[in-house]
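S.K.: Chains A and B are the protein sequences, given in the same order.
Going by our numbering, the letters in the first sequence line up with residues 1 to 153, in that order.
Going by our numbering, the letters in the second sequence line up with residues 154 to 306, in that order.
Source of the hints: derived by calculation from the structure; they are not laboratory data.
Cβ atoms here follow ideal geometry from the backbone N, Cα and C, with glycine treated the same way.
Don't take each hint at face value.
What the hints assert, rightly or not - Chain B residues, not near chain A, derived (Cβ > 12 Å throughout):
| id | residue |
| --- | --- |
| 1 | R159 |
| 2 | S160 |
| 3 | R161 |
| 4 | A162 |
| 5 | R165 |
| 6 | R166 |
| 7 | G200 |
| 8 | E241 |
| 9 | L243 |
| 10 | A247 |
| 11 | E251 |
Unchecked claim - Derived CB-CB ranges, DEER-like:
| id | chain 1 | residue 1 | chain 2 | residue 2 | range |
| --- | --- | --- | --- | --- | --- |
| 12 | B | D263 | A | V89 | 41 to 51 Å |
| 13 | B | G173 | A | E48 | 41 to 51 Å |
| 14 | B | E241 | A | T56 | 27 to 37 Å |
| 15 | B | A266 | A | D22 | 26 to 36 Å |
| 16 | A | D110 | B | D254 | 49 to 59 Å |
| 17 | A | A105 | B | E244 | 46 to 56 Å |
| 18 | B | R159 | A | I23 | 16 to 26 Å |
| 19 | A | E98 | B | A247 | 50 to 60 Å |
2 protein chains.
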Amino acid sequence: MSADPRSRAQRRRDTEHRLGHDIDVWVASASADGAPYLVPLSFDWDGEALLIATPTDSPTGRNLAATRSVRLGLGHTRDATMIEGEVEVLEIDALPQERGDRFAAQTGFDPRAGHAVPLVPRHPAPRPGLARGERAARPRADARRPLAGLTPG
Amino acid sequence: MSADPRSRAQRRRDTEHRLGHDIDVWVASASADGAPYLVPLSFDWDGEALLIATPTDSPTGRNLAATRSVRLGLGHTRDATMIEGEVEVLEIDALPQERGDRFAAQTGFDPRAGHAVPLVPRHPAPRPGLARGERAARPRADARRPLAGLTPG
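Pulled out of the complex, with its shape left as it was, chain A reads as follows (with noise of 0.2 Å):
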């Protein structure tokens, strides 16, 4: 990790390359009542949306339909890529073709071939905004701001 804080053009290009070459993501989510869940999924990202699978009735499946609110984690503690995003759950059968046949070569299963339900955190295209992982790791004590790099409120 450089001790130089990436630019913004750096940030949104790192994120871009990790949204498009990387298989997996940290996926936390909630449950109504504040109890926290995270997992590693596999995922694949259109240019728009990101789309992760799990069932139902897993705790993620359960947590982001209620909460519809999701943040991720992309790549390692120490070069990591935190995302924010608005979740919209999409039922099996409203998956499209082209969709299903995309995540299932990027992901290396079919979500179609079992009970999976597809869940899309939205959020708007990469920007500066979501790569925030610079001072995440091995934060340095400052007063003056968090110890890690947490995004505000």
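Chain A is fixed; fit chain B onto it per the hints.
M.R.: Okay, now just chain B, sitting in the frame of chain A:
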């Protein structure tokens, strides 16, 4: 990632090794009303509790103090160990000097130099049930079990 799930004994050994040797962990928390948060942070494991440090007013700090519940991801997406824990909040002044010294040596930063507040996710000593990452990434469609290696509930 092996196609064969690790034995319980092997998972326990792997978890213990990671707790003793890894520096960073993915920390998932949630607000009381179900907004998920995720950030990578450095940690120290003393054999009984996993210590992290974050400002009182950071999203993670606020969430953990409010819900006392955390879910941690150790390792990488293809070889992950998930840990659920209860959180004990320690004010910075209550951190024993030896514990603070150990944390600083392990993580490379001293939480006592700033306004950090250590938070201790407590959970039992590593046991087989803590390591649940085997089927997490590249889930396979199988109607009889979750597509991802999720814990029940």
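S.K.: For each hint, tell me whether it holds in the structure or not.
M.R.: To see whether the hints hold, each was checked on the structure:
For B/R159, the non-interface assignment is confirmed: its Cβ lies about 16 Å from the closest Cβ of chain A, beyond the 12 Å cut-off. Remark: the non-interface label on B/S160 is consistent with the geometry, its nearest Cβ contact in chain A lying 21 Å away (cut-off 12 Å). Listed as a non-interface residue, B/R161 keeps its Cβ farther than 12 Å from every Cβ of chain A; the least gap is roughly 20 Å. The Cβ of B/A162 sits about 23 Å from the closest Cβ of chain A, beyond the 12 Å cut-off, so the non-interface label holds.
Consistency note on B/R165: stated as away from chain A, and its beta-carbon is indeed over 12 Å from all of that chain's, at 20 Å minimum. At roughly 21 Å from the closest C-beta of chain A, the C-beta of B/R166 stays outside 12 Å, upholding its exclusion from the interface. With a least beta-carbon separation of about 22 Å from chain A, B/G200 lies farther than 12 Å from that chain, consistent with its non-interface assignment. Consistency note on B/E241: stated as away from chain A, and its beta-carbon is indeed over 12 Å from all of that chain's, at 16 Å minimum.
Every CB of chain A is more than 12 Å from the CB of B/L243 (nearest about 15 Å), matching its label as outside the interface. With 12 Å as the threshold on Cβ separation, the claim that B/A247 sits away from chain A holds: the shortest Cβ distance comes to roughly 17 Å. Distance check for B/E251 against chain A: the nearest CB is about 19 Å away, which clears 12 Å, and the non-interface claim stands. At roughly 44 Å, the beta carbons of B/D263 and A/V89 sit within the given window of 41 to 51 Å.
Against the hinted window of 41 to 51 Å, the Cβ-Cβ separation of B/G173 and A/E48 comes to about 43 Å, which satisfies the hint. Taken as a hint, the range 27 to 37 Å holds for the pair B/E241 and A/T56, whose Cβ atoms sit roughly 34 Å apart. Under the hint 26 to 36 Å, the C-beta atoms of B/A266 and A/D22, about 35 Å apart, fit the expected range. Against the hinted window of 49 to 59 Å, the Cβ-Cβ separation of A/D110 and B/D254 comes to about 52 Å, which satisfies the hint.
Checked against the hint of 46 to 56 Å, the C-beta distance between A/A105 and B/E244 comes to roughly 51 Å, which is consistent with it. For the pair B/R159 and A/I23, the beta carbons lie near 21 Å from each other, so the given range of 16 to 26 Å is met. The supplied range of 50 to 60 Å is met by A/E98 and B/A247, whose beta-carbon atoms lie about 57 Å from each other.
The earlier numbered hints are all upheld by this structure, with none contradicted.
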